[in-house]
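Protein chains: 4
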Amino acid sequence: MYTTKAAGRTLNVVVWGENRHEQIEPHVAALYPDGMHNTIKNGIDALLGDRVSVTTALLDDPEHGLSEEVLATTDVLTWWGHAAHDEVSDEVVLRVQRHVLSGMGLIVLHSGHWSKIFTTLMGTTCTLRWRSEHDRELVWTVNPSHPIAQGVPHPIEIPEQEMYGEQFDVPTPDELIFISSFSGGEVFRSGMTFTRGNGKIFYFSPGDQDFPVYHHPDIRRVIANSVEWAASATTRREIPVLLRYDTDDFFTGHGYDGPISAEAVGAALDAKSDAAAEAATTSGPTA
Amino acid sequence: MYTTKAAGRTLNVVVWGENRHEQIEPHVAALYPDGMHNTIKNGIDALLGDRVSVTTALLDDPEHGLSEEVLATTDVLTWWGHAAHDEVSDEVVLRVQRHVLSGMGLIVLHSGHWSKIFTTLMGTTCTLRWRSEHDRELVWTVNPSHPIAQGVPHPIEIPEQEMYGEQFDVPTPDELIFISSFSGGEVFRSGMTFTRGNGKIFYFSPGDQDFPVYHHPDIRRVIANSVEWAASATTRREIPVLLRYDTDDFFTGHGYDGPISAEAVGAALDAKSDAAAEAATTSGPTA
Amino acid sequence: MYTTKAAGRTLNVVVWGENRHEQIEPHVAALYPDGMHNTIKNGIDALLGDRVSVTTALLDDPEHGLSEEVLATTDVLTWWGHAAHDEVSDEVVLRVQRHVLSGMGLIVLHSGHWSKIFTTLMGTTCTLRWRSEHDRELVWTVNPSHPIAQGVPHPIEIPEQEMYGEQFDVPTPDELIFISSFSGGEVFRSGMTFTRGNGKIFYFSPGDQDFPVYHHPDIRRVIANSVEWAASATTRREIPVLLRYDTDDFFTGHGYDGPISAEAVGAALDAKSDAAAEAATTSGPTA
Amino acid sequence: MYTTKAAGRTLNVVVWGENRHEQIEPHVAALYPDGMHNTIKNGIDALLGDRVSVTTALLDDPEHGLSEEVLATTDVLTWWGHAAHDEVSDEVVLRVQRHVLSGMGLIVLHSGHWSKIFTTLMGTTCTLRWRSEHDRELVWTVNPSHPIAQGVPHPIEIPEQEMYGEQFDVPTPDELIFISSFSGGEVFRSGMTFTRGNGKIFYFSPGDQDFPVYHHPDIRRVIANSVEWAASATTRREIPVLLRYDTDDFFTGHGYDGPISAEAVGAALDAKSDAAAEAATTSGPTA
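Residue numbers (full-length UniProt numbering), protein chains in the order written: chain A, 1 to 287; chain B, 1 to 287; chain C, 1 to 287; chain D, 1 to 287.
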C-alpha cells in the first residue's frame, strides 16, 4: 500500500553539475561565475523557498557526489552535463537509474540529453540536430493545464540560444508540454515527461553554457515547477521486483527461485551423462 | 528522405529461441518436440506464406545466430528466452539494440520480458507478478482497429497459462492493444507497442514452455499480424545520429567534433600551468 | 500568462446526482438512505476536510442545480447519472462542457459513462459490455506514481459489483491508472484521465446503485484523490478561442472577422448579378 | 470476430469540398481552377492509382453528397471546409460521425479544424492562433517510422502558407507525426492521428485556399499516405453498442432493456400514489 505524501514535507533536491566549461572557457565563467550548478540551485531556492532544501553535487566530487547515502534521501535530482559524459562512472549511472526506478524524480537539462543516465533510461540514442549560432528560441506551451507550464508566458522568449532540432530520438513521451521554434526554422519537443518505474522524469532543453539561459526568469520558473512535479507522490522508495503470488493471495509476494527447478536440471544432466557414456558419437542438441 | 516499402517485398523474419527447456524438461519437449522456436516459425509460415522468409537462430549458435550479417538483412526478429537470459552476450544485445533503433522490428514474447534486449530498450526492470498454476487466460482487445488485433475473437481464450500480473514495470506504451485476465483475478497489459528509434517493438505475453500456447491458432494469428506490423515502412536502415546543421541548410548534416574546441582546452591548460608556476599554493577549481 | 494556484485555496466541489433510483427502488434507498450524492459528498468531506467545500446538485433542481453562477465558482464537478440521462437538458450540458474546456475539473462516475456530458466531451459512443450479477471486482493499479493512485491497496477488492467490460468505446486516455477484473473473467479500464481544453477529466468506473461501493474506503480515497488532481493548476478560467496574431506580436490576439472579406463577397455577388442579367440561362457553379 | 482486410481491395475515397472560395474569390479560382476538391482528388489518384477509386462530394450537393448510401461504401472521407462550416446540416454531421465510429477513415484538412464534424468528434473547441501573411512553413517529422511520414523530405518546405499556431485546442493525439514552424516563429502540431470508435482520423494542417499547397508534391504524398493508413483494417463496418453478457458467455451480447425494470417503476409509482392519497401534505422526495 502506498502512503500519501506528507503535506508540507521539505523536498531534498540535488543539482548535479559537470562543472567543466566554467573552468576551461572564460566566456562561460563570465556568464556563470559560481558555476552553472549554483545558478540553477539559486533559481530553485528563490522560487520554492522553504519548500525545498537544495544542495549541489559535481562530477569531480567523490562518487560524483552521488553516493548511496545522498541518493537515498534525494527527492529530485537535476542533471546538467555536456563535455564529460564519458567520465561519469557506470556504477554511479546504474545507482541513479535504480533510484529513479524506485521513485526519485529526475530533471534532465539541455545537453544532458546525451548523458549516460538519460540514454540508459530511454533505451535510445537521444540524438538530435544542433547549431550554436545565436538563434532566438521561442518556447510554446501545448499542454496549458500541466503544473509544469504554470506561471510562464506563451511563448517564452529566449533571445539567444543553441538550436536543438528534430528528429530527437527519444521514446514517445508520456506528456508533451513545450515545443520550441528557432529563428533558423527548426522545431524541438523541448519539454517532455516520462515515467520509468516509480520515478518521474522531465526533460527540458532550454539552457546552455554559452548563453545566460539559466538566469532567465521563465526558465527558472519551469525548472522550479518541474522539481515540485517530479517529487514522488509517496514517501516510500522501492524498486519494482519480480514476485510470485499464490492463488487468492494478492498481497504476499514470494521471491524468485530460478526458471527451472534444481531437480529438473539435475535429472537432465544425469540423463545426458548416461547417454553420453553409452554413445559418445551422438550429435543431438545440447543443453 | 525516406523511400517507401517496395510492394510485395518478402520480409525476412528470424525467430530467436533459447532452446533450453526443451532439452532439459521432458514435459516441455513433449509439447514442443521440434523446439518452441520451430513451433513459432511454423505458425508464421502457415499464416503469412510467401510474404515472409522465416529462419531460426538459437542461443547455442555462434554469436547466438545473430551476426551482423544476419541482422543486416532481418526485417523482424522475434525473441523468446527464459532460463538463460544471462548467457546472452552483451555484445550481441548491443548489436540487436542498434539494429532495432535503425529500423528492425522486434517481437518480444512472454518470458522475454526479462531478457537483456528488452530491459535495455525499455530502461526499466520489466518485472511483474506471476504464478504457474494452470490459470485460464482471457485476452481482451481494447484497440479494435489496430492491425495486430485483426482476425481473432474477443476475447481469445487460453485454457491453461502461466499468470502474469500487474504491476508490469515498463514505460507507458505507444499503444495498448490487449489486456488479459486470469482465473485467479489478476490482470496484465498483454499486448503493447513501443517505438524506439526507427524500430517498432511489440510485446505479447501469452506463451509459455509449460503450456501449448504457441500451437493456439489465435495466438499464432496475433504473432503473424505483429510480424507484418513491425516490418519497417522503409527499406533504408539507419541509426539516428547527432549532426550539426548550418543556418538555412536543412539537409546537410555535419559530424560532431566534440563539445569544446581544442584551442580552448589548450589555452585553458596553458593558463592553468602558468598560474600553477606562479603560485603553487592556489586552491582554485580544477579542470 | 497563467497564474499559479494559490496555496491553500479551498476547492469548491459540486457533487451532481441523478437521485432517481433512491426514490424508486427500496433496495437502493436502503444502501443510500441520504441518496448516493450525499454518500459521495461525505466521503470527500471526510478525506479532504477543510481543503474543500462540497455541495450537491440534483437533476430535479432548477437548471439541474448547475446554473452559470454555480459553475463559475466550481473547481471540480462529480457526475453520477444512470436512469435519466435523457432528462438532462442540452443547454446545461453545453454549459458544463464550456466550463470543463475553460478549466473546471470533471469526475465522471460509473454509469455516468453514458451521460450526455461525457459522450459530448469524448466524441464516441462510450458504450461497453455489462452484467449485474454480484461479480467480485478487483481494481489493479498500473500507474503507481500517479497522485490518484496513492493510499489504496493493490488491488482494491470490491466484494460485489456490476460488471463493466471491454470494449469500452472511449478515446485513448491521456493516462491509464486502473484496470479492473471481474470474477466472470472480464476486464475494464476502470480509471482513466483525459484532458479537454483547459480541463482535466477522470473517469472512474467502480460504483453502482445496487451495491454499497460508495461506502468502500478505498473507493472514497480514489475519488478524493481525483478531486484534488482535477482542480485546475490555475485560478484563471477561460475557454480557448480563435485569434489572429500579427507578425512579431505573440501576445496580442485579434478577434475573428469571418473567413472572406465583405468586399470580396460583395464583388462576387455583383459579378454574378451582372452575369445573370446578361445570360439568364447560364448554368455555372453557384456561390 | 474481425475479418482481415482483403488484400488488393480497392479503397473507395470521397473528397468532400466546400467549394465556395473558388466561386467567390478570383485569386482562389486562379490557383484551383477545377476547385480545391478536384486538386486534392487528382493528387490521390496520381499517387495511389488503381488502389483507390476517388469521387468528390460538395456542400451544395443534395445531402452535401453524403447520403447514407454513399457513406456506407466509403472507406475514407477527406474534409476541407472553411467559410461555410455552419451550413453543413447537423443531420449529415451525425451521420458522418456514426460512420467514423463504425470504422470509416476521416482525413481532416487545414481549416477543417473548425468544422462541425471535427469539433463533434474531438469534444473541444479546436481553436488555434492564425495569420495569413505569406509565412514560410516547414513541416518536420517527429515520428519517422510512421507510414504517413514515408516518402517526404525532412523538413517539407512550403514557400508560402497561412500560419496556424499553438495552442491548438484538441485532445492529446494518439500519435504526433508532424510539427510545423512558421517564419514568424510560431509552431503547430500539423499532423496528428486520433482513434474514435472503430475509425481512424488524421488531421493535417498544411493547405489553404490562398496558396497552391494542394499542388505541392510532398503534401500530396502525405495525404495519399494518410488515405491508405486510415482505411479500416477490417471489411466489417459496425458501431460499438452497449450489450449485456451472461456469466461465462463472452460472445452473445443482449440488447438493453433500460436502467430500471418496469415492475420497479410501476411499484414505486403505485406506492407514491397511495401515499399521496393518504397524506396530501407529505413533502418527501419525488420520483
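Calculated directly from the structure, the hints in this document are not laboratory data.
What you are looking at is a predicted structure, and each value in this text was computed from that prediction instead of being measured.
Errors might be hidden in some of the hints.
Stated by the list, open to error - To spell it out: a stretch of chain D is covered by chain C in this simulated footprint if at least three of its residues, at any positions, have a beta carbon under 8 angstroms from a beta carbon of chain C; those stretches are: (1) 119-126; (2) 143-154; (3) 193-204; (4) 240-248.
Every residue, glycine too, gets a C-beta built ideally from N, C-alpha and C.
Verification of the hints:
Here's how the segment 119-126 of chain D fares: 6 of its residues keep a CB closer than 8 angstroms to some CB of chain C, so the rule of at least three is met and the hint holds. Only when three residues or more bring their CB closer than 8 angstroms to a CB of chain C does the claim for the segment 143-154 of chain D stand; here the count is 0, and the claim is violated. Evaluation of the coverage hint for the segment 193-204 of chain D: fulfilled, as 4 residues show C-beta separations to chain C shorter than 8 angstroms, against a requirement of three. Note: the segment 240-248 of chain D has 9 residues with beta-carbon separation from chain C under 8 angstroms; the three-residue rule is met and the coverage holds.
The structure fails hint 2 only (numbered hints given earlier).
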